[in-house]
Amino acid sequence: MRPPRSQLVAIAGLVMVILSTKTSAQRSFTTTYDSGRKITLEGIVTKVDWVNPRAFLFMNVKDSSGNISIWAVEFGNPLELEKNGWKSSSLKIGDVVTVEGALARGEARQVSAASIVMKTTGRRLFTPLARRPAAVAAPAPRWPNGHVRLGPPPGGKGFWGTPSAKVLVENIPAKPAMNDDGLLANMADIDKVAPFKPWARSLYEFRQRTLLQDDPIGRCLPPGGPRQFQMPYGFQFIEQPELGRILVLHGGGNRNWRIISTDGRPAVSASEAVASYYGTSVGKWDGDTLVVDSVGFNEKFWMTAGGLPHTEALHLIERFSRPNLNTLRYEVTVDDPKTYTRRWTGVWTIQWVPDEELQEYFCEENADPAFNR
Amino acid sequence: MWKRVLLVCLGVAISAFAQEGHPLSGTWTGDWGTGPGTRNHITLVMNWDGDKITGVMNPGPDSVPLNIFVDYSSWTVRFDAESKDGAGKAVRMEAEAKLENMGSPRRRLIGSWRQGGVTADFKVTREQ
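So the protein sequences, as listed, match chains E and X. Numbering follows the working numbering, with no gaps: position 9 of the first sequence is 9. Numbering follows the working numbering, with no gaps: position 7 of the second sequence is 7.
There's no promise every hint is true.
Stated by the list, open to error - Each pair of labels, with its calculated beta carbon distance range:
no. : chain 1 : residue 1 : chain 2 : residue 2 : range
1   : X       : Glu127    : E       : Gly106    : 24 to 34 angstroms
2   : X       : Glu94     : E       : Asn67     : 34 to 44 angstroms
3   : E       : Gly156    : X       : Lys98     : 51 to 61 angstroms
4   : E       : Glu80     : X       : Thr54     : 43 to 53 angstroms
5   : E       : Lys175    : X       : Glu100    : 43 to 53 angstroms
6   : X       : Asp51     : E       : Ala275    : 35 to 45 angstroms
As the list claims (entries may be wrong) - Once the Cα atoms are required to be at most 25 angstroms apart in a straight line, the calculated DSS-like pairs of lysine-lysine come out as:
no. : chain 1 : residue 1 : chain 2 : residue 2
7   : X       : Lys89     : E       : Lys300
8   : E       : Lys338    : X       : Lys52
9   : X       : Lys89     : E       : Lys338
10  : X       : Lys123    : X       : Lys98
11  : E       : Lys192    : E       : Lys166
12  : E       : Lys119    : E       : Lys62
13  : E       : Lys92     : E       : Lys62
14  : E       : Lys83     : E       : Lys47
15  : E       : Lys300    : X       : Lys98
16  : E       : Lys92     : E       : Lys47
17  : E       : Lys47     : E       : Lys87
18  : X       : Lys123    : X       : Lys52
Unchecked claim - Here are some chain X residues the structure puts well away from chain E; computed CB gaps all over 10 angstroms:
no. : residue
19  : Gly21
20  : Pro23
21  : Thr38
22  : Gly50
23  : Thr54
24  : Met57
25  : Ser63
26  : Lys84
27  : Gly88
28  : Gly103
For the record, the hints were derived by calculation from the structure and aren't laboratory data. Just so you know, these numbers come straight off a predicted model, no measurement behind them. All residues carry an ideal CB built from backbone N, CA and C; glycine is no exception.
Extracted from the complex, chain E is given alone in its bound form (with noise of 0.2 angstroms):
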């Protein structure tokens, strides 16, 4: 039998719904917002939505002829809120507040907030702690065997944190500007950010003059390649010499998990492999360096935020090395031929948060997309 087209058009409208929040969950900054167009509002706050990745206040705002509109204001992440001493409660429906911030772009009433201020009490609200200093930098922990452990020194805890790049580039001196979302200051720099083949230019660009819309992250998809070290919310490592592999928990990558192996099994040539998003890793040690030979990628994720493309023939050579307690060195040697005119290089640094445990995350949904007003 038939469905009645009343239900049929609902059942429609809820998947759309469902679809369009999940495609766009996670959509970057440049994505979403114009940073040149600022705004301030003065409004009362009629919701809080304390969700991942992004918290929202729903705001009533009236204009000088005493018309009222709602806006959407973006102002962090709950995890990243909360470490900072931050609560839902933190801000009550009815509050006043002002905001400052960038205007979505598009006809929409959103934006991203750098500022909220109480108009009551002046309070500035949900802005980040002083970060305590690093302590200093101490020896990296050892294994009995005397490896460097990747983890958190005996009875400790701890994870990896902040990255010193959010975009991987070519290592030469005189990177190209670009912003964290990977959007390049001047297009005329796309040579220096990678040796492109001709498509493989091309299709960057595109992504580039297209502001990254389609980046698979925005449909939470996982953070293949380097990019899973180049999250917010970092990553832990989880070293199981018994069992011969290390497993790498992202915590910015929706709760994704990879395994490296480390029990002497040669590595595995690209054609044996099941494609995927992290690929198939096989790590050795020399001397403090882990080496971590990668292949079997699938061709669903960019591995950087900025749009690099790759194919199914990516080969990864990881280098990981911690010269001190608070510093894990990361060097990735992309070997993609089919995209790349040459094996090339990028390194970064990420920093040891010491004390605490690597959060909760998922990518989910949240009023943000569905706020069409």
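Following the hints, position chain X against chain E.
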């Protein structure tokens, strides 16, 4: 009506998953013809080998190898092949198309098709 609604939903669901490598690699289906009543179904399979795009039309016993040329500055694709008409007679085909919606998993090639003295329109969409 209800089938159309469900197909639209399915199409949107599929669009959440993309192939982000060489934009032309993969299987493309569509048709060519001079009007709504004269459509000819075609399947193109293309592969980027690192140096060039190779491909076949209508894979199977009657597949036709394609010569493919791409202008990456405009993403204009030219095809030519020695094909066969309905009677099995050899006939040369040439097509030229522009890649549209390159960032979409359901990207399309739209252009013109010439075969046996006939010029027609041509459209194929990349399959998942």
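ask   = Looking at the structure, which of the earlier hints fail to hold?
value = 2, 5, 6, 7, 9, 19, 20, 22, 28
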